[in-house]
Amino acid sequence: MVTELVKSENHYQTAFRSIRESSPTVPWVELVRSGAIDRFEQIGFPTVRDEEWKYTNLAALAKETFQPAAAPVEFADANIARFAYPETKNAHLVVVNGFLRDDLSTRTGLDEIVAIDLFSAVADARYNKIARKYLARNANYHDNGVKALNTAFLQSGVFLWIPKNVKLETPLQITFLSDTTQAPTEPKRASFPRLLVVAEENSSATLIESFVSAGDGSHFTNAIAEIVLKDGARLEHYRLQNEHRNVYHVATTAAELGRASSYDATSINLGAQLARHDISVVMDHEGAECWVDGLYVGGATQHTDTHSVIDHKEPNCTSHQLYKGILDGNARAVFNGKIFVREGAQKTDAMQTNKNLLLSPQARVDTKPQLEIYADDVKCAHGAAVGQIDEEELFYLQTRGMNPELARSLLTYGFAEEVIGKIKIDSIRSQLDEAVLTHLHTRLEA
Amino acid sequence: MLEIRNLHAAIDGNEILKGINLTVRKGEVHAIMGPNGSGKSTLAKVLAGHPQYEVTAGEVIYEGKNLLEMPPDQRAREGVFMAFQYPIEVPGVSNAQFLRLAYNEKRKHHGEEELDPLEFKDLLKERAKVVEMDASFMSRSVNEGFSGGEKKRNEILQMAVLEPKLAVLDETDSGLDIDALRVVAGGVNQLLTPDNAIIVVTHYQRLLNYIVPHYVHVLAGGRIAREGGKELALELEERGYDWITSVDTSKTGAGAPAI
Numbered sequence: 001m002v003t004e005l006v007k008s009e010n011h012y013q014t015a016f017r018s019i020r021e022s023s024p025t026v027p028w029v030e031l032v033r034s035g036a037i038d039r040f041e042q043i044g045f046p047t048v049r050d051e052e053w054k055y056t057n058l059a060a061l062a063k064e065t066f067q068p069a070a071a072p073v074e075f076a077d078a079n080i081a082r083f084a085y086p087e088t089k090n091a092h093l094v095v096v097n098g099f100l101r102d103d104l105s106t107r108t109g110l111d112e113i114v115a116i117d118l119f120s121a122v123a124d125a126r127y128n129k130i131a132r133k134y135l136a137r138n139a140n141y142h143d144n145g146v147k148a149l150n151t152a153f154l155q156s157g158v159f160l161w162i163p164k165n166v167k168l169e170t171p172l173q174i175t176f177l178s179d180t181t182q183a184p185t186e187p188k189r190a191s192f193p194r195l196l197v198v199a200e201e202n203s204s205a206t207l208i209e210s211f212v213s214a215g216d217g218s219h220f221t222n223a224i225a226e227i228v229l230k231d232g233a234r235l236e237h238y239r240l241q242n243e244h245r246n247v248y249h250v251a252t253t254a255a256e257l258g259r260a261s262s263y264d265a266t267s268i269n270l271g272a273q274l275a276r277h278d279i280s281v282v283m284d285h286e287g288a289e290c291w292v293d294g295l296y297v298g299g300a301t302q303h304t305d306t307h308s309v310i311d312h313k314e315p316n317c318t319s320h321q322l323y324k325g326i327l328d329g330n331a332r333a334v335f336n337g338k339i340f341v342r343e344g345a346q347k348t349d350a351m352q353t354n355k356n357l358l359l360s361p362q363a364r365v366d367t368k369p370q371l372e373i374y375a376d377d378v379k380c381a382h383g384a385a386v387g388q389i390d391e392e393e394l395f396y397l398q399t400r401g402m403n404p405e406l407a408r409s410l411l412t413y414g415f416a417e418e419v420i421g422k423i424k425i426d427s428i429r430s431q432l433d434e435a436v437l438t439h440l441h442t443r444l445e446a
Numbered sequence: 001m002l003e004i005r006n007l008h009a010a011i012d013g014n015e016i017l018k019g020i021n022l023t024v025r026k027g028e029v030h031a032i033m034g035p036n037g038s039g040k041s042t043l044a045k046v047l048a049g050h051p052q053y054e055v056t057a058g059e060v061i062y063e064g065k066n067l068l069e070m071p072p073d074q075r076a077r078e079g080v081f082m083a084f085q086y087p088i089e090v091p092g093v094s095n096a097q098f099l100r101l102a103y104n105e106k107r108k109h110h111g112e113e114e115l116d117p118l119e120f121k122d123l124l125k126e127r128a129k130v131v132e133m134d135a136s137f138m139s140r141s142v143n144e145g146f147s148g149g150e151k152k153r154n155e156i157l158q159m160a161v162l163e164p165k166l167a168v169l170d171e172t173d174s175g176l177d178i179d180a181l182r183v184v185a186g187g188v189n190q191l192l193t194p195d196n197a198i199i200v201v202t203h204y205q206r207l208l209n210y211i212v213p214h215y216v217h218v219l220a221g222g223r224i225a226r227e228g229g230k231e232l233a234l235e236l237e238e239r240g241y242d243w244i245t246s247v248d249t250s251k252t253g254a255g256a257p258a259i
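First to last, the sequence lines map onto chains U and E.
Using this note's numbering, you'd call the opening residue of the first sequence number 1 and step up by one each time.
Using this note's numbering, you'd call the opening residue of the second sequence number 1 and step up by one each time.
Calculated from the structure, these hints are not laboratory results.
Errors might be hidden in some of the hints.
What the hints assert, rightly or not - One-sided excerpt, in silico: chain U residues whose CB lies under 8 angstroms from chain E:
1. E392
2. T399
3. G401
4. N403
5. L410
6. L411
7. Y413
8. G414
9. G421
Unchecked claim - Okay, the calculated bits of chain E under chain U, using three or more residues with CB under 8 angstroms as the criterion:
10. 45 to 52
11. 64 to 73
12. 77 to 86
13. 92 to 101
Claimed, not checked - So the derived label-pair ranges between C-beta atoms look like this:
14. P91/E with H11/U: 46 to 52 angstroms
15. R5/E with A381/U: 51 to 57 angstroms
16. P163/U with S139/E: 35 to 41 angstroms
All residues carry an ideal CB built from backbone N, CA and C; glycine is no exception.
Bound conformation, chain U alone (with noise of 0.2 angstroms):
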């Protein structure tokens, strides 16, 4: 088993090697990248005994030859727009693969915002010293092979700069698309989206990452995106994976927090048939507030795996958080929320919540709220639900003429509706409807 596992790996060794002379870069990165290879050797993909990762496992994915992509893949969608909401026409980029297309990519709403290659930036005179001081810094690699790997073959990606004081009007959209259209014959590939965000004092944007896959064939997203918000600094930062479902998708997405800043997080999660969603904030300025928020929708064998850690570090943050989970068939879901208050963060005020809806007796959620507090003048709350559909709602639906099935339809909605509808662009909300109920195999005409 062991040798096994180590052989598996070794094409990750060997890819890297020919990446390093594909794609040369500056002496920085290649310590980072030598480093996070060297990581990977020791630790591999993380394991069911690692405690982070008890209800999730690897296994499979760390056996197969996901092969890591050298250079873009010859990719021409004529209609790549389809990806894109109306209200992101403008300002959309397409990574494929984890390489960001510029063919493919609409930057003509962007105004000031700087959004180029992160590859590019790192060697950039005008960013690399942003790059070289924020690139690794929040998705620690050394503790998670995963994070380990996607460093390992940063050879694209997307560097984010929004200047001081600029508000950008226009959200901005980011599809990072698996083209997972190879044919039996080729190997599987394994892409390694990373994005880094750095927003200067008092800007504000929003930002959509959507993580979509071209074909039905097998493939391994492993992305990482970091974010660093200055002081007064705003961000919306909407994710929405919906990955074909014989996409493996693990991900982390690390903020940090500058002072009086305002991180807004949703994270919804439909597709794939392994997801796994590392979201840590670290709130190490005062005045901060966060909301992380997110919606997970499993059906058939789909696994689905959120841990959040919100890092109360400073005196009068704010977090708030609600995950909502909506399971399926024999869908699996695991919820692992963490919040920590550190000695000296007064005044902290922080909310967690996790609920989910269990729509069929195989389903399963495995939920684990924690809260480690070492202040003492705080304010915190946490909890957790798991439920079905409640039989006196149900009734009282029908009683109003709803057949069974329009009403569970209804009440399912509703249920992710909590999460949905905080959601502040509407074609993103109203494509969410219709998503999660198609996910659900039910329609509503509503």
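Go by the hints and put chain E onto chain U.
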């Protein structure tokens, strides 16, 4: 319109209704009164088709059809409406959305064309006047965060939209202050036509000052113990329920003292 014959019903094996007989014709208002535990709410729930209640004997004929054979949603589409004593909250679903879905389900059932959101909005605006509800209630989630009075008004709004042939109001007056009671009762009166009928289930006579019944039926121990006109309600208000329950037990020869 409605013919209840020797209706027996049980919950968890306990018989609550022990032979109810009741006839309701078009244009009539019937009040079902009785002390706590007499079975009046059970009767309302059985008529609406609550799955926890089991009908053990008897029959209910509604508009010539066997009501008990229909699932609750079909009863509703056929024109039976129950206003809940404790209306259920439906988070995430707006009142307007909810009402339009319900309304269109009924339209479809009767082979009529569905209304689109704009058409429905106009209709809703008109019907909301019946219970003096303003537009802000339409975009709020169904009953979520509503006060007791608002929930009851919302029930009557649903009734106004769905235009039932037979409405059963289950303790609609409970928890209402006098102003809310007046609005709710006023709404119900506006909805009463020569072609429909209303059964008002209530503990107190108070509501019947506003919704004046043609008949009053007093339940005790799962049976109708006494029947009369609206003056019977006034008598109950004055004398309480004890005299009825004691009359009832002596009549059946059980000999148990009145509680």
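Do the hints match the structure? See the list:
For E392/U, the interface hint holds, the least distance from its beta-carbon to any beta-carbon of chain E being 6 angstroms, beneath 8 angstroms. Interface restraint check for T399/U: the shortest CB-CB distance to chain E comes to about 5 angstroms, inside 8 angstroms, so the restraint holds. Interface restraint check: G401/U against chain E, minimum CB-CB distance 4 angstroms, threshold 8 angstroms, status holds. Interface restraint check: N403/U against chain E, minimum CB-CB distance 5 angstroms, threshold 8 angstroms, status holds.
A hinted interface residue such as L410/U counts as satisfied when its beta carbon comes closer than 8 angstroms to some beta carbon of chain E; here the least separation is about 6 angstroms, so the hint holds. At its closest, the beta carbon of L411/U sits 7 angstroms from a beta carbon of chain E; the interface hint therefore holds under the 8 angstroms criterion. The criterion of a C-beta within 8 angstroms of any C-beta in chain E is met by Y413/U, whose closest approach is roughly 7 angstroms, and the hint holds. For the restraint placing G414/U at the interface with chain E, the shortest Cβ-Cβ distance is roughly 3 angstroms, inside the 8 angstroms limit, so the hint holds.
Interface restraint check for G421/U: the shortest CB-CB distance to chain E comes to about 7 angstroms, inside 8 angstroms, so the restraint holds. Counting residues of the segment 45 to 52 of chain E whose CB falls under 8 angstroms from any CB of chain U gives 4; the rule of at least 3 is met. With 3 residues having a Cβ less than 8 angstroms from any Cβ of chain U, the segment 64 to 73 of chain E passes the three-residue criterion, so the hint holds. Remark: the segment 77 to 86 of chain E is confirmed as covered by chain U, as 4 of its residues place a Cβ nearer than 8 angstroms to a Cβ of that chain, reaching the required three.
Counting residues of the segment 92 to 101 of chain E whose CB lies closer than 8 angstroms to any CB of chain U gives 6, which reaches the minimum of 3, so the coverage claim holds. Between P91/E and H11/U, the C-beta spacing of about 49 angstroms keeps the proposed range 46 to 52 angstroms intact. At about 55 angstroms, the CB distance of R5/E to A381/U agrees with the hint of 51 to 57 angstroms. One distance hint, 35 to 41 angstroms for the beta-carbon pair P163/U and S139/E, holds here, with the actual separation near 38 angstroms.
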